[in-house]
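Colleague: Position chains C, V and S relative to chain L; hints supplied.
Chains as they are written, first to last, in the numbering used here: chain L, 3 to 343; chain C, 3 to 343; chain V, 3 to 343; chain S, 3 to 343.
Think of the hints as simulated: they come from the structure by calculation, not from any bench. You can take every hint at face value.
The calculated DSSO-like cross-link candidates involving lysine-lysine, where the alpha carbons are at most 30 Å apart (straight line), are: (1) L:Lys91 - L:Lys105; (2) V:Lys262 - L:Lys57; (3) C:Lys57 - S:Lys262; (4) V:Lys57 - V:Lys91; (5) S:Lys57 - C:Lys262; (6) C:Lys91 - C:Lys138; (7) V:Lys57 - L:Lys262; (8) S:Lys105 - S:Lys91; (9) V:Lys112 - V:Lys138; (10) V:Lys138 - V:Lys105; (11) L:Lys138 - L:Lys262; (12) S:Lys138 - S:Lys262.
Under 7 Å between C-beta atoms, here's a sample of chain L residues computed to sit facing chain S: (13) Val190; (14) Ala195; (15) Ala197.
Bear in mind the structure is a predicted one, so any value in this text is a computation, not a measurement. Just so you know, even glycine gets a beta-carbon here, dropped at the ideal spot from N, CA and C.
Next come the chains, spelled out residue by residue.
Number of protein chains: 4
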Amino acid sequence: MRIGIIGGSGYTGVELLRLLCVRDDVDVVFVSSRAQAGNPVCQLFPSLRGHVDLKFSNPDDVSDTPCDLVFFATPNGTAMTQAAALLEKGVKIIDLSADFRLKDIATWEKWYGWSHASAHLVEEAVYGLPELFRDKISSARLVANPGCYPTAVQLGFLPLLEAGIVDTQSLIADAKSGITGAGRGASVPNLLAEAADSFKAYAVAGHRHLPEIEQGLNIMANGNVNLTFTPHLLPVIRGIHATLYARLNTQADLQSLFEKRYENEPFVDVLPAGSHPETRSVRGTNMCRLAVHQPQDRDTAVVLAVEDNLVKGAAGQAVQNMNLMLGLPETTGLLHPAMMP
Amino acid sequence: MRIGIIGGSGYTGVELLRLLCVRDDVDVVFVSSRAQAGNPVCQLFPSLRGHVDLKFSNPDDVSDTPCDLVFFATPNGTAMTQAAALLEKGVKIIDLSADFRLKDIATWEKWYGWSHASAHLVEEAVYGLPELFRDKISSARLVANPGCYPTAVQLGFLPLLEAGIVDTQSLIADAKSGITGAGRGASVPNLLAEAADSFKAYAVAGHRHLPEIEQGLNIMANGNVNLTFTPHLLPVIRGIHATLYARLNTQADLQSLFEKRYENEPFVDVLPAGSHPETRSVRGTNMCRLAVHQPQDRDTAVVLAVEDNLVKGAAGQAVQNMNLMLGLPETTGLLHPAMMP
Amino acid sequence: MRIGIIGGSGYTGVELLRLLCVRDDVDVVFVSSRAQAGNPVCQLFPSLRGHVDLKFSNPDDVSDTPCDLVFFATPNGTAMTQAAALLEKGVKIIDLSADFRLKDIATWEKWYGWSHASAHLVEEAVYGLPELFRDKISSARLVANPGCYPTAVQLGFLPLLEAGIVDTQSLIADAKSGITGAGRGASVPNLLAEAADSFKAYAVAGHRHLPEIEQGLNIMANGNVNLTFTPHLLPVIRGIHATLYARLNTQADLQSLFEKRYENEPFVDVLPAGSHPETRSVRGTNMCRLAVHQPQDRDTAVVLAVEDNLVKGAAGQAVQNMNLMLGLPETTGLLHPAMMP
Amino acid sequence: MRIGIIGGSGYTGVELLRLLCVRDDVDVVFVSSRAQAGNPVCQLFPSLRGHVDLKFSNPDDVSDTPCDLVFFATPNGTAMTQAAALLEKGVKIIDLSADFRLKDIATWEKWYGWSHASAHLVEEAVYGLPELFRDKISSARLVANPGCYPTAVQLGFLPLLEAGIVDTQSLIADAKSGITGAGRGASVPNLLAEAADSFKAYAVAGHRHLPEIEQGLNIMANGNVNLTFTPHLLPVIRGIHATLYARLNTQADLQSLFEKRYENEPFVDVLPAGSHPETRSVRGTNMCRLAVHQPQDRDTAVVLAVEDNLVKGAAGQAVQNMNLMLGLPETTGLLHPAMMP
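Next up, chain L with everything else stripped away, as it sits in the complex (with noise of 0.2 Å):
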């Protein structure tokens, strides 16, 4: 199988390539970069010397490269420019940017300040989570890949939302990310001087991942949910923790019922009552742990999940959708522990 990677000097982009450069069943056979364009990946990449041999391709050099599938690990608004001609081709599209997750398109463009440029695939674009519709992304064409609060969010309510025994009104979700999640750009709050010993919460009032979030547990709950969501910055290179709240409005055995739906989900795992889950625990890895609570037996479920931002929560993903898409073991490559400590 012949792959490429349409922007590849980002956080997602180096992570394909580390998850996919071991594997013999598929082929990285361009990897873009406008910036980067000549240098060899792994003169910006030195952990890929010996394993990728490829130089960044000028992005308007690869259109023509046959292709079964290709990701888009670009900046919001590339891909839904240049994924109707490669669909055309019979090129398989994996978005990682976030194009294509939204399906109210007003909604979209609201959030983003941009005109959709191809709403018509909206509708075909299938949302990559693979614990909600992983049939579907074995059948697409195009998967508008979850962003990485999402990913975690929607995996950690999915129980007691499809259960019903929430309130779906005062949802509440404060999730805490590596910094990475910020990308690869110069950016002087993200220095280490700046960020390094230090916390804060940021863009209380509104971030993009919230209609995201909200609109994947109004599926989940078959109707309109309230989500408060709180992101906040950690202080470390990779990792997500969301710690979730949820009203319950029945008793219910939590623990089971959170085995029992994902019992037979590769990458999810469920740990043992009373359990905190960390983030190096699934470092570099395509793993979401969970674990839930019910603090004082009171009427308040608490969930705790952990990913890895750019693995579970992007490339590694992306790399579970591939797989499925392309009619491979969903595990292919995926499998590795993690390095702890």
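Modeller: This is chains C, V and S only, laid out in the frame that chain L set:
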């Protein structure tokens, strides 16, 4: 004024020394530590070289040293056995441990696991949160210095509860603490190799600060509140960030409410609307910085509160209380800006 | 092939498990730990959930378990008391501790403070640095796996000493190690609160790795060298950076010298001229990356060497040695790229 | 005394403000920044809320503001174009950039890449290392504040070179700096995601601080020294650790030598024999802590020197120089202990 510190080898002990050693109006006459007795203080804490010439005293040797005020920077369970004798000698006491924080003895004994050795002093003890009890503190003989989490959480909820505009039965405090909150004891989970570049919740089923916080919130709300309190461990040295959620049952100008409530408080700083306080902005200082949001103009207020867990959350607040108890200006020795970056 | 791990609850133990659990050609049949006996391995190391189903065995119960090879990931002093019995049963041994590293018994006893319990095996033991002793390792029964600092320092000096172009009496190794080098024991100085956001040298007066390094350098130089070795503690989890200084007594093309010496070595990567290797570029991998400089064209060569102290500096090199001893391809299971960022 | 700060939006600027804002004897009358002109200082640096009420001035608007002394906290190349005009008005100058540090114009132009705009002032400028040039500083109009690395390296070598007991042709300075040394500019390599949990050398081929250091060492040695200087990037916010190597050509009591040389220096602290200074022990302070070793009683002296790169390595030393130039007690405002932990 002559000051003694009982239990000076931990993080609150060295922080008391850092704050007091540069002052001319008070004199630290002893610092005790059973484990370190006889060793120079600045051998254990080289940062104090040139500032503190004391050796650690054996705790058994200090009871006759004349003092105006003694700090207990000891583990829970020590102050309650020694307080009565000191008070009889006319020595004022600030206890940084939890021994005198809870008014309900049964609740204390349930959460701390001992019989209380000085139940008769519990009623007299004043809870040392100046923003609530300034006058009582000024005339107190025995002050129970608040816990680190309780300080941030109570200051954040205070204006909302006093105003009576939120549902008191669904309060949520999602709190994150730097690792010095766990103390200076040797411990595998607190090793840099275990805690760095990672993040987790802990004690979700129940943390000793829950009853302390609820006791304070009950006073503010003039009734029983219901709080879900989730502590998390941050890979930073100092700093607490509390993210607080309360459902509004009345519309109000939250920004004005907070600004008015705290306009005369020297150590509570309400940030401009739309702000996100960083823990580093209060590092090493006695300041608590707050911001209040109402995301998407929905019905949930989100309060962001930061403090240095060792200063406003422990030693700094203790010094603020000392200033009040000794009739000194409340802000003496506590007005330096944070080091940033 | 059946593999046993004696002493599996420390950092080298879990790292051996991480590297071996994904392999089909070897089978870990037991992991022992006196302190953890009976507990599931993945309870202590949740990163191994789904990968390792073993419980820790009591060390007293494993001596009769048939094995092809046993790793000792124990503190110094254990392997030397158990090695002889295992060898007699035909079990091959790789000792990750220091028991068999020094050929001179008196030197060992001086630096480690015990009488050596298996002096008769010291001569037979092969020092497990494949770049120097590959053939001997392949046929060895007992391999002494090198220390973390010694691996980086020896690989960095090797081309210079073999070429005979530097003054051997003024060698300097300024080495910096991540904190996992100190092991998994509870300790105040290694707490995140003590070691983060700081840096220091330690053991400047004398570190146990000094005689081990000098023994190796003597072989390369075919004579007695004089090394000043200064270890420092980095506030990072993994990684060693050795900065090596040697005075040139002959001009030479250093870049070519290094590239030629290591051109066939799978786990030594000489970077292009002018490079500065980062420890993160080898995180989690068995690679040692080197760069050589001659600043200002003066007479001092500066070699920069990085490795992951737990992989090429411990468990990874042990697996490389295991591959050699068992006749497996040397690089099996050791070829994944580093996670970066 | 009226003080101006030109270029106040970087790390040395905010550090000057932190140190000066609490003082009664000096008054900061303006802080300029072209990029931030018009913005409140405490909007950029919330740590200064309540301490600094100034807005950033446009640099073009401050030339007529009467001042006793002006700090240049600007990038290299600015002070040399503005110094002459200020001196003519009788304003004293402390330049924290490199414009006036090197006495040899040709050397300056080679390393900094410009023609020097005020060559006639270079001779007059006094190098602001009080331990070497206290008297000259006290009467200077123009002080060139030393670089961060040069301060630590020079203070560490000083006693050895003045005593004439080491080989001056084989000096080595292996230096490690916290990331604030790289300034506050947006930059990919200095992102937390790139620099945390890693370590590397940089500029091994040649760093601008090399000629500055050698200029100072030449004075101490009364002849030309030969230094190999290797800077490294530490994943910490503040702090420099210099590890210095010199071959002894005469036996001496090194501990006494250091203690005597610095016994009257308020900001150099020689630790007891056998010590290892930690960078955190001087965090936020103007202290340089030193330890001297002679490992294995061989012929190499190893000096360990720590300082805060933004204080003794920049703004603190500048304030020390200001005190001297204005006739104030040298230690004013610089005597607080470090925050530890």
